[in-house]
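Novice: In numbering that gives the first Met the number 0, the protein residues as written are 0 to 194.
Think of the hints as simulated: they come from the structure by calculation, not from any bench. The reader is advised that the hints may include incorrect statements.
Claimed, not checked - SDA-like, lysine to any residue: derived pairs with alpha carbons at most 20 Å apart:
{"hint": "1", "residue 1": "177", "residue 2": "70"}
{"hint": "2", "residue 1": "177", "residue 2": "45"}
{"hint": "3", "residue 1": "177", "residue 2": "165"}
{"hint": "4", "residue 1": "177", "residue 2": "74"}
{"hint": "5", "residue 1": "177", "residue 2": "69"}
{"hint": "6", "residue 1": "177", "residue 2": "188"}
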Amino acid sequence: MTRQMTHDLTPGEFSVATRAVVDEVQRVSARIEPEAWTRAGALLLRARTVFTVGTGRSGLALNMAAMRFMHLGLPTHVVGEVTAPAIGAGDVLVAASGSGTTGRVVRAAETARAQDADVIALTTAAGSPLAEIATETLVVPAADKQDFDGSASVQYAGSLFEQSVLLISDALFHTLWKSGDSQARDLWRLHANLE
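Given these sequences and hints, build the entire structure.
Specialist: Printed below as a string of structure tokens:
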């Protein structure tokens, strides 16, 4: 790893980098299939319990989504946490893997389907094992982690995918929230108070 910089950073570089990230995320969000997104939202609304699973930064993005789903009053658990119960029929697993091949994520999806739970997959790869298992797949047209030539994204590794997972999840949360009659103060009652 190198920590050498060739020059001091300038305020202009911040503006250029921010614009590049925002433009890429907007481009990806415009290409998400609206019908798949709508079906994913319907699955969440019907869910007995929502589970999320992802690794690395994708997992962190879904941890944030889990918090928001909980604020809606949906019983929500993060796979791997000690308080996560067994998944079963009527439940939904939201699973994110850019490649759609991440072992832990695919195994969780296989287990969910074997228990008659639904799976919402977020992946860049429509033909991946995760997408094949899923009840509903949101294909995120973002860069693969090994897009070293920058053909799909100017950002490093899976950054665009991970940002898109958060954006898609927040948009689902926002839409589900606004489709009901809860006010912000109602959601606030479920906000953590053991901080």
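Novice: Against the structure, test the hints numbered earlier, and report the numbers of the ones violated in rising order.
Specialist: Per hint list: zero violations.
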